[in-house]
Amino acid sequence: MDKNQELQWRETARWIKFEEDVEEETDRWGKPHVASLSFRSLLELRKTISHGAVLLDLNQHTLPGIAHQVVEQMIISDQIKVEDRANVLRALLLKHRYLFLSCTVAFLEQPSMAFVRLQEAVLLESVLEVPVPVRFLFLLMGPPIANIDYHQIGRSISTLMSDKHFHEAAYMADERQDLLNAINSFLDCSIVLPPSEVGGEELLRSVARFQREMLHKREEQQGKKLKVKEPKTLQAPFKPGDDPLRRSGHLFGGLISDAARRYPKYASDFRDALNPQCMAAIIFIYFAALSPAVTFGGLLGEKTGGLIGVSELIIATAMQGVIFSLLGAQPLLVVGFSGPLLVFEEAFYSFCNANHIEYLTGRVWIGFWLVLIVVIIVAFEGSFLVRFVTRFTQEIFSFLISLIFIYETFSKLGKVRFRGGAPFNTGLELIGLACPLDYKFIAFIASIPLHVVGEPNTALLTLVLMSGTFFIAFYLRKFKNSSFFPGKLRRMIGDFGVPIAILIMVLVDYSIKDTYTQKLSVPTGFSVTSPEKRQWLIPPLGSDGQFPVWMMATSILPALLVFILIFMETQITTLIVSKKERMLLKGSGFHLDLLIIVAIGGVSALFGLPWLAAATVRSVTHANALTVMSKAVAPGDKPRIHEVKEQRVTGFLVALFVGLSIVIGDLLRQIPIAVLFGIFLYMGVMSLNGIQLTERMLLLLMPPKYHPDHTYVRKVRTLRMHLFTGIQLVCLAALWTVMSTVASLAFPFVLILTVPIKWFLLPRIFTTREMQCLDADDAEPKFDEREGQDEYTEMVPT
Numbered sequence: 001m002d003k004n005q006e007l008q009w010r011e012t013a014r015w016i017k018f019e020e021d022v023e024e025e026t027d028r029w030g031k032p033h034v035a036s037l038s039f040r041s042l043l044e045l046r047k048t049i050s051h052g053a054v055l056l057d058l059n060q061h062t063l064p065g066i067a068h069q070v071v072e073q074m075i076i077s078d079q080i081k082v083e084d085r086a087n088v089l090r091a092l093l094l095k096h097r098y099l100f101l102s103c104t105v106a107f108l109e110q111p112s113m114a115f116v117r118l119q120e121a122v123l124l125e126s127v128l129e130v131p132v133p134v135r136f137l138f139l140l141m142g143p144p145i146a147n148i149d150y151h152q153i154g155r156s157i158s159t160l161m162s163d164k165h166f167h168e169a170a171y172m173a174d175e176r177q178d179l180l181n182a183i184n185s186f187l188d189c190s191i192v193l194p195p196s197e198v199g200g201e202e203l204l205r206s207v208a209r210f211q212r213e214m215l216h217k218r219e220e221q222q223g224k225k226l227k228v229k230e231p232k233t234l235q236a237p238f239k240p241g242d243d244p245l246r247r248s249g250h251l252f253g254g255l256i257s258d259a260a261r262r263y264p265k266y267a268s269d270f271r272d273a274l275n276p277q278c279m280a281a282i283i284f285i286y287f288a289a290l291s292p293a294v295t296f297g298g299l300l301g302e303k304t305g306g307l308i309g310v311s312e313l314i315i316a317t318a319m320q321g322v323i324f325s326l327l328g329a330q331p332l333l334v335v336g337f338s339g340p341l342l343v344f345e346e347a348f349y350s351f352c353n354a355n356h357i358e359y360l361t362g363r364v365w366i367g368f369w370l371v372l373i374v375v376i377i378v379a380f381e382g383s384f385l386v387r388f389v390t391r392f393t394q395e396i397f398s399f400l401i402s403l404i405f406i407y408e409t410f411s412k413l414g415k416v417r418f419r420g421g422a423p424f425n426t427g428l429e430l431i432g433l434a435c436p437l438d439y440k441f442i443a444f445i446a447s448i449p450l451h452v453v454g455e456p457n458t459a460l461l462t463l464v465l466m467s468g469t470f471f472i473a474f475y476l477r478k479f480k481n482s483s484f485f486p487g488k489l490r491r492m493i494g495d496f497g498v499p500i501a502i503l504i505m506v507l508v509d510y511s512i513k514d515t516y517t518q519k520l521s522v523p524t525g526f527s528v529t530s531p532e533k534r535q536w537l538i539p540p541l542g543s544d545g546q547f548p549v550w551m552m553a554t555s556i557l558p559a560l561l562v563f564i565l566i567f568m569e570t571q572i573t574t575l576i577v578s579k580k581e582r583m584l585l586k587g588s589g590f591h592l593d594l595l596i597i598v599a600i601g602g603v604s605a606l607f608g609l610p611w612l613a614a615a616t617v618r619s620v621t622h623a624n625a626l627t628v629m630s631k632a633v634a635p636g637d638k639p640r641i642h643e644v645k646e647q648r649v650t651g652f653l654v655a656l657f658v659g660l661s662i663v664i665g666d667l668l669r670q671i672p673i674a675v676l677f678g679i680f681l682y683m684g685v686m687s688l689n690g691i692q693l694t695e696r697m698l699l700l701l702m703p704p705k706y707h708p709d710h711t712y713v714r715k716v717r718t719l720r721m722h723l724f725t726g727i728q729l730v731c732l733a734a735l736w737t738v739m740s741t742v743a744s745l746a747f748p749f750v751l752i753l754t755v756p757i758k759w760f761l762l763p764r765i766f767t768t769r770e771m772q773c774l775d776a777d778d779a780e781p782k783f784d785e786r787e788g789q790d791e792y793t794e795m796v797p798t
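Numbering (full-length UniProt numbering), first residue to last: 1 to 798.
Worth flagging that the hints you see were computed from the coordinates, not collected in a lab.
Computed from a predicted structure; not experimentally measured.
Glycine included, each C-beta is placed from N, C-alpha and C at the ideal position.
Check the hints yourself; a few may be wrong.
Simulated restraints on C-beta separations [what the hints assert, rightly or not]:
| # | residue 1 | residue 2 | range |
| --- | --- | --- | --- |
| 1 | 536 | 701 | 37 to 43 angstroms |
| 2 | 23 | 274 | 28 to 34 angstroms |
| 3 | 86 | 135 | 23 to 29 angstroms |
| 4 | 106 | 585 | 55 to 61 angstroms |
Please build the complete structure, drawing on both the sequences and the hints.
The following block contains the structure:
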């Protein structure tokens, strides 16, 4: 009864994958939860369907038309009497307050049921709370004295319809028996818990484990049925262009396939960029690309005696980034300098100095060989070797790159010097300016310590600025999934979290006048770092025309090392960015991207510019910034990736702005270097998320009873899982050790050795099933469970 004492249908529960019940006290939807059903209600449901009215593909488009057909079928099946027709019809057409189910009426003598599948989904006015087309209806009516629970039966059919397999069976059913078979299949995967006082997490874990095994058996059985039923002629033919790593057997076949697959979508790469999220990504990735260019540029200047520094790295990042974003097959990649390339540059510079060889000229010949090597590799489709780079190697490499970012942050923080500020007047300085200086007086002045204003606070303020940038960006990202403010505002704050953090910390630094902090060092104009040592164009025969011929030939060896570094970092980054869970639609091009990056880098050596590769952390960050999560998520369900803004504009503008940074150098010089340290730390920490190696490392410190419910935890014994993690850590330590010693030139070969370790050593230690659990990609990505749920506004039809 409503407030006017009139009968109406009233919604008491709903299913949007999970069940939500109306709380009687507040008349609000309760918390989404997995529906727990009584075994008897399922049996009663099967019984009612076996004897009730089943109308499949009913050709009606209005509720009155459906109601009349249902009543007639109930009379035919002897569920109701002819004289009850008017009362039942009147009850069916009563006013609806949202979804209707579970009804008791006194004028019936026995329960009556109808299962209806319409021929076409239609909008039934005032039946549902939102205008969603309706295809199925289930009606159960009966007297209150019947020994059944109408509400529980209603919950049972609703839960069945939210089950994927029963749902498909309901769509495909030709007769009543198909529905009964689908219910039996559901019962086969259901668990009956006998009355017991045992409870707690152990019971839940054992039940969940048992049910997973039952579901796995059902999947296997259905897979076998599909293989038997489906003739080969019905299988979609494989298109050669679908797999970017499939060899065609023709010279440059892979390169041609990459271009044919990707370039037809070129126009959409600019249309898809018309989105506010792309603007936020541009601002964030600009600083994410500029800060490594400046930081690594400073390091490169130290390692190479100023021959290659900040100017060269900024120009290389801009120039190569613009070209790649316009021509590359996977424009989500961000080209940049990296730690392994820095290790090589330092080692090669030391080698040239020790052998009295011109360093920049040697790089020119390495560049020539790089172009030749990449052309040969691409011609014979050598990128197919990436197939052998499994998760084992990908995780080691990704973790190493993230570790370099984190290590460099704290390494630079530990080297902060107390400098700058205005010295206090001691009187001696004025005397020194007024009288002739002699050596004794200079020595006397030099022996007096000068007190610099703000020195004791420089390190502290640097730490505050770095930490503040990191934590603000980190928690604004978390704020995106909180319960405060409307969803659109929260998402905007989360997307612009890094720019907001940078702005706040720059203002904090600007407001503190009495403490010195080192600012971003940006060169003035497009000039080389050390004009007194070099020019823009590097002569291939050396400054004196006497470059050794033997070095021209043997430069192929360091060229192979550089190529391996660029090949591994670029291809592994492409694999990570293009994982199937990201649901990228436009595809990637391993051959085309490798040719562009290596060839441009080889030519750039003529101008003394550094080689670049697809930067793992920056590329993953770029892809994450352009990922759009589904807004309409079923309450209680995990969010899904809705789309990724695959376009070229963000990469192009980021590279362009990095190059123009020299023009706005005065503004950028107001940014404390500590703020960039915070961005470094943020990217390093955030890129560790989702790496299975990181999760398994944490499990080393966790008792087994607290281990999460992952496949590699359930299917692999704990000690065996820890052994696998230990092997990866040994490989990681070996890479770090080689990278940090005089043997750093061997770093690419040590990285490649992780591939045969996986393919030849690990199968002797672990079983095939264990390897599949530990080394296979996850079926689904991991995201914050709250993300996007507040944006649920309507029931989404399947």
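For each hint, the structure was consulted:
For residue 536 and residue 701, the Cβ-Cβ distance of about 53 angstroms falls outside the hinted range of 37 to 43 angstroms, so the restraint is violated. Against the hinted window of 28 to 34 angstroms, the Cβ-Cβ separation of residue 23 and residue 274 comes to about 43 angstroms, which falls outside the hint. Judged by the Cβ atoms, the range 23 to 29 angstroms given for residue 86 and residue 135 holds: they are separated by roughly 28 angstroms. The hint said 55 to 61 angstroms for the Cβ distance between residue 106 and residue 585, and at roughly 57 angstroms that hint holds.
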